[in-house]
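Asks: So the chains spell out like this:
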Amino acid sequence: MIVGIAFLLIAALTIAGAVAAAVLRNLVHCALSLTVTFAGLALLYLQLDAQFAGFAQILVYIGAVAILVVFAILLTRGAGIPEYRGFSSGWLLGLVIAAATFALLAWAVIKSLPAQVATGAAPAATVQSIGAALMSSYVLPLEIVAVLLTVALIGAVIVAMPESTTPQSKAEDGGGR
Amino acid sequence: MSLTAKLDQIFVLLQHWISGFFPLWLQPAVGTILAVIAIVATFPGIFAVTTVLERKGLGRMQNRLGPNRVGPLGLLQPVADGIKSLTKEDIVPASADAVVHFLAPVVLVAAIFLGFAVLPVGRNMVLMNMDAGLLFFFAIGASTELSIFMAGWSSRNKYSLLGAMRAVAQMISYEVPLLLSSVVAVMMTGSLSTVKIVEAQSGFTGIFPHWYVFTPWGFAGFVLFVIAALAETNRSPFDLPEGESELVAGYFTEYSGFKFALFFLGEYLGMLSIAGFGITLFLGGWGAPFSFLGFVPSWGWFFVKLFGAIAFFIWLRGTLPRLRQDQLMNFAWKFMLPMTLLNLLVAGAWRFLGEGWSRWVVCSAVLLLAYVLLGRVLMRKQNLGPRSYRYAD
Amino acid sequence: MLGEGMLKGLAETAKNFAGSFVSKERLTTVQYPEERIAPIENTRDFPFLVYDGDDAMAGLRCVACQICEKECPPKCIYIVKSTDKKPDFVGKMQIYPARFDIDISVCMSCQICVEVCPFEAIKMDTEFELSTTDRFGGLLYDREQLSRSNEHYHKIHPTEAAEVDARLAEEKAKAEAKAKAAAEAAAAKAAAAPAPKEAPAKEPGA
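Residue numbers (my numbering), protein chains in the order written: chain R, 1 to 177; chain X, 1 to 393; chain L, 1 to 206.
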């Protein structure tokens, strides 16, 4: 019963954060509510005894992705309060698409529930077993993700690098001195 | 139990005795609450002592006395500071974002207090023995960056925002070397649990302990961990975000009174917790330095090492000039990252070379060579020397 | 090698830290107000009026010429001349200041009053612990508060005071010599004047 109450509270926190992230006007407030949502998800993982997934969620999402979102907002100057408020013109279509997606997800979740109720003890997903699995059966996805991250890092460095001086500007510099 | 064992476990026995007064179903909760009370009482107490020791220590290093008017030798100075910060007016700028402005110090202090939960202060004295304790600690550390950003942005002040951006950039850059340098300890122990890491270092060969700092990869890892820890907690020489001479007070410019005290508390507690973590990972946690000193209680050794680490941090603060932002970032990405990656390889080689003197020689040689070469390469283009000025004619 | 400078710096601060407990040169703090550094001779703070002898009002060197009042840049001196006269150090009858007020909250310690005084009457004091609770009246010093003896002047500015005393003694000696010469000349004149008066007096009588 306590587990049920805990789940309801955490779920309420997560949904409140997500709704706030969609509804609030100030963009940085939205980013911070998104962080609350991430924290709620991490708590859900922890409640399911998936320690590694929960802490990795906090470390990666709150520690890196949230900071990234906030930096993006700040560096592109989207942090001001918008002057107008109102719904967009295609709100009916948006509502229909959102309702359809939600219905699909709900059907998928409910359909999978009765067949998958765990009767035995859950397998202990310790960090060691996760590590062993990553190195043996999931080594290819691991390497692909590593290559992807390296490509992203190099791309970021190239995008952020200052322009190198052209030979013409160098000659001007030499002549002017 | 013998007397030394009883002294060693005195707090655990106290906890069991007090929770014995409560009904059985309530006992685990009471035990945990008692441990939490102990943490909340001890570490802010150490923080108070640290502030006065820091001011007096820095003073002595700078050829002056520190504060010596309040209480004998100035040791009651934290009381005066606490009363001052409680009675000051709490000013919130009119255009500041009030909610975020209020939440920033709260989030910081809450996150930092959570980090103390996985620190094994003594034998059987850890609040939560989690399988992924190390990961928990670093995850919580990552959350503090967010609170610094919240503080800087909500003040609606250019200088605060600039300080917050610098602080977050610095903390993100140094998080990677911090994590990588602590991974070697995990590799050698085979577990992410802090309790197991300390227990793996509690053996002795002769009178010398098995601390990881006494191995080549452990020493390199410890040095890199300390540097990254200084940068994570915005401590000198990495205190550009709160540089008093540049940014007024950086991201907590607009805070006054108790909120400022909370930021101060959070920063120092962060330093204490990451120092404690470094002690756990590399300096043997609650283990004694020599086997014949085992009669001293384990929690005594932990606090002795913690004070040693704090003294070293204060010493560094009194000695080194502040690093500039680009120097900071260069150092993190060009020096610390390659060194930590190399350290991982060296730790792996240590494991696979097997027992014997050969692995000592090989590992030390590789690390030393890499350090010297990297230092030479990175310092090649810098013409460091007395500055020469060119005046307009 | 990388890190060498850091180690040297750490050694230096460690020396400072350890040395501050044993040697005075590594701990240069003077714990004011229990210990004080003796001020050097050229210290100056606010002016005072010098008097010779024991009685302050009788021995004041100031003759109320008002030069310092006119030269003072922030105009912090206020002088009221007296109506009667009293003898100064050479014996000449001079007027004296009935009121001599200096507002030390205005005084900027420029020492111009000292430089222009022809009578060595006003000099600079070294006292700086002058805080009072009265913002206006407490910082307005009158003639009695400003008077300090010549011995005090010798104590705070020994060489200056010795030089001033030597100069004043020289002037006094010169004035006395002049007075003696004048008295001798007058006596000689007086001696010469009755002689011719006596001689014709004698002649008709003889």
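Among the clues, some could well be false.
Below are the BS3-like pairs computed for lysine-lysine, each with C-alpha atoms no more than 25 Å apart in a straight line [unchecked claim]: (1) L:K92 / X:K56; (2) L:K178 / L:K85; (3) X:K381 / X:K334; (4) L:K8 / X:K56; (5) L:K86 / L:K15; (6) L:K85 / X:K381; (7) L:K92 / L:K172; (8) L:K8 / X:K334; (9) L:K178 / L:K86; (10) L:K189 / L:K92; (11) X:K56 / L:K24; (12) L:K189 / L:K174.
Simulated from the structure, these hints should not be mistaken for lab results. All figures in this text were calculated on a predicted structure; none of them were measured in a lab.
Asks: State for each hint whether it applies.
Replies: Now for the hints, and whether the structure bears them out:
The straight-line distance between the Cα atoms of K92 (chain L) and K56 (chain X) is roughly 64 Å, outside the 25 Å bound, and the hint therefore fails. For the given pair, K178 (chain L) sits about 22 Å from K85 (chain L) by alpha-carbon distance, which is consistent with the 25 Å threshold. At most 25 Å may separate the alpha-carbon atoms for a hinted pair to count; K381 (chain X) and K334 (chain X) meet this at roughly 14 Å. Between K8 (chain L) and K56 (chain X) the alpha-carbon distance is near 22 Å, which keeps this suggested pair within the 25 Å criterion.
For the hint pairing K86 (chain L) with K15 (chain L), the CA-to-CA distance comes to about 67 Å; that exceeds 25 Å, so the pair is violated. Of the supplied pair hints, the one linking K85 (chain L) and K381 (chain X) is violated, its CA atoms being roughly 84 Å apart against a limit of 25 Å. About 11 Å separates the Cα atoms of K92 (chain L) and K172 (chain L), which keeps this hinted pair within 25 Å; it holds. About 24 Å separates the Cα atoms of K8 (chain L) and K334 (chain X), which keeps this hinted pair within 25 Å; it holds.
About 21 Å separates the Cα atoms of K178 (chain L) and K86 (chain L), which keeps this hinted pair within 25 Å; it holds. Between K189 (chain L) and K92 (chain L), the direct Cα distance comes to roughly 23 Å. Compliance with the 25 Å bound is thereby established for this hinted pair. For the hint pairing K56 (chain X) with K24 (chain L), the CA-to-CA distance comes to about 17 Å; that is within 25 Å, so the pair holds. Among the hinted pairs, K189 (chain L) with K174 (chain L) is consistent with the structure: their alpha-carbon atoms are about 22 Å apart, no more than 25 Å.
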